[in-house]
Each structure stands twice: as C-alpha cells, then as structure tokens.
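K.L.:
Here the structure of chain F is known, so what remains is to put chain E in place on it, guided by the hints.
2 protein chains.
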Amino acid sequence: MRRTSFARWPCSIARAVDILGDWWTPLILREVFYGVRRFDDFEQALPISRNVLAQRLRRLVDEGLLDRVPYSERPLRFEYQPTEMGREFWSVLAAMSAWGDRWLDGGKGPPIVLHHTECDHDMAATVVCSHCRQPISADDVQSRLGPGYPDRLRRKARATGRFG
Amino acid sequence: MRRTSFARWPCSIARAVDILGDWWTPLILREVFYGVRRFDDFEQALPISRNVLAQRLRRLVDEGLLDRVPYSERPLRFEYQPTEMGREFWSVLAAMSAWGDRWLDGGKGPPIVLHHTECDHDMAATVVCSHCRQPISADDVQSRLGPGYPDRLRRKARATGRFG
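Chains F and E are the protein sequences, given in the same order. Numbering-wise, the working numbering puts 55 at position 55 of the first sequence, and it's gapless, one number per residue. Numbering-wise, the working numbering puts 70 at position 70 of the second sequence, and it's gapless, one number per residue.
In isolation and in its complexed conformation, chain F is listed as follows:
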C-alpha cells in the first residue's frame, strides 16, 4: 500500500490522488456512472475482493463523493449514490477515457463510444479553457501560486522557478 499521504500537499492533483487512494477507486466510480448502486452489484461488476471494495466505498463516503442511503428497512439495506462532488468527478474520468481512446486502443477503435444526448452527437471529452473554450495544452498554460498555497512554503516554491 501507499506510504505517503498526499492529502495536505498544496496541489489539487495530489489531493485528488490521495482521495482516490488506489486505482480501484476510479473503476468503482466508473461503475457508479454506469448506474451501479449496491454492494453486491459492485462486487459482480469488478474482480475485487469484498474487503477492498468495502474499504474503498467507505472512503468515498467519508470524503463526500458518495452518500450511503437506505433502500430497504427490513432488512436494513443501503445503496451508494453519487453526491454532486462525486458526479463532477465524472468529467475527470471522461478526460482519462478520451486520452485512453486516443493512445491505448490498440488500433481497434474505442471500446466504448460516448454519445452526447444534449447535442445528439458521438463525442470525445475535450479539455478546454473555461474562458475562451479552446483546447488547452501544457505549453499554453502558466502556473502561479494561488490563495490556497501555504505561506510557509511560498519561498521554497518560488525558489524552484516553476511559478511566475
């Protein structure tokens, strides 16, 4: 298992990575977006042990991506529903999927095709600038320290020369 916690790093990628915990978690979330809600259905959908599944679901509830909601009183049974925070993570999975479709399809085309019901076209998720809506690349983006960067680390961060 991972030895280093990234949760307190002043980096939103590291914080997201820390919550995800390991790579089962994005696949569990993928199942949520396919409509899976119940423990036994997750277990059937993924080759994962009950133990690991229970732990990952608990973490997703604790971190606020899933709600654990009763769907039966007798016997008492729960299902997992995505919160707004969880639903918004879908866009990260969509971006990951588009990259995988482009680079990991083995020349066979995408295994899954996404269709945007709003505009009624097949589509790939595309990552754009929130202001100009043009696709962005690392070359066109500069980073600078933001309000959430801890004061005590600013001098050290600036010394790396990464931040304007």
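Hints in this document: simulated from the structure, not taken from any laboratory. Don't take every hint at face value.
You can't tell identical chains apart in this list, so a pair holds if it fits in one copy or across any two.
[Claimed, not checked] Pairs of lysine to aspartate or glutamate residues, derived as EDC-like cross-links and limited to a Cα-Cα distance of at most 20 angstroms, are as follows: (1) Lys108 / Glu63; (2) Lys108 / Asp22; (3) Lys108 / Asp122; (4) Lys156 / Asp120; (5) Lys156 / Glu88.
P.N.:
The following block gives chain E in isolation, referenced to the frame of chain F:
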C-alpha cells in the same frame, strides 16, 4: 502492490489506470509539466525513493509517455522528455486539478492558479463535448459498445443493460 492488471480490459479508463500503475505516476508527470527532466531533479521534487522513481520512469518510457534522451556524452547521462502521448496526458491532470480546486481547497482557494497564455485569462480546465463544446455531465452522456470492444465479451456486456 496491485494484483490485477487492467491493461486488457475493454475500457479506456481501466487501460489508462493500468499504465499509471500507482498514484506516484501522475505526480511524476506533473513534475514533467513543470519542466523537470532529470532523475535527480525528480528525486528532489518528490518524497519518493530512488527505487520507485526509477521503476515508474521506466514504465512511462516503456509505455510511450516519456522519451529517454542523452543530454551528456561523457559521462553518459539521460533526461526524460514527454512524447506527444505524454504531453496529451496533461489535459487529464488539468481536469483532475480543476476538480480538486473545486472540492478540496479547504475553503482557502486554489493552491495553484492556471493562466491560459493564448487568451491571457486565468482559467480552470473544463471538460466539454468535442462536438458542441458544452460542458458535459454523466447525465447527458450515453455509452454504447464501440469497434474496439471484443466480440467475445459483447453478449455479456449487453446483458448488464449498461449499453444501448
């Protein structure tokens, strides 16, 4: 360590996850996008053992995200440069970072602010439909089996009711 390989799953998320291997890998790639190229600089930038770092870099070279290029003849020394495949992964990290900024900033604002030099505005990475350029959510997207989905698994996949 992870026991299950996702590389052959008919799912671009799972395949991407398999390459990434563990969560150090996105952080190593993050450093690449900050301009880090050399082993010692990665080691200084991340609290990672030389052993794990060497293994993750080797995997990224093997999978085609990084090129290992000599920068000195005597002594022979190498640096790691992102390939086109590697550079395009930046958009996945940008989407992950935007999600983390929104949900994991602890009320302090983003630790790092991104500035789009093309349009000269601060921005958040936004995931949109490649056709209509509107932001997408899981509710507006349907999945169906694509050309890369293995024939032998189609019946089983359709039986899950996930795919139109």
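K.L.:
Which of the listed hints are not met by the structure?
P.N.:
2, 4 and 5
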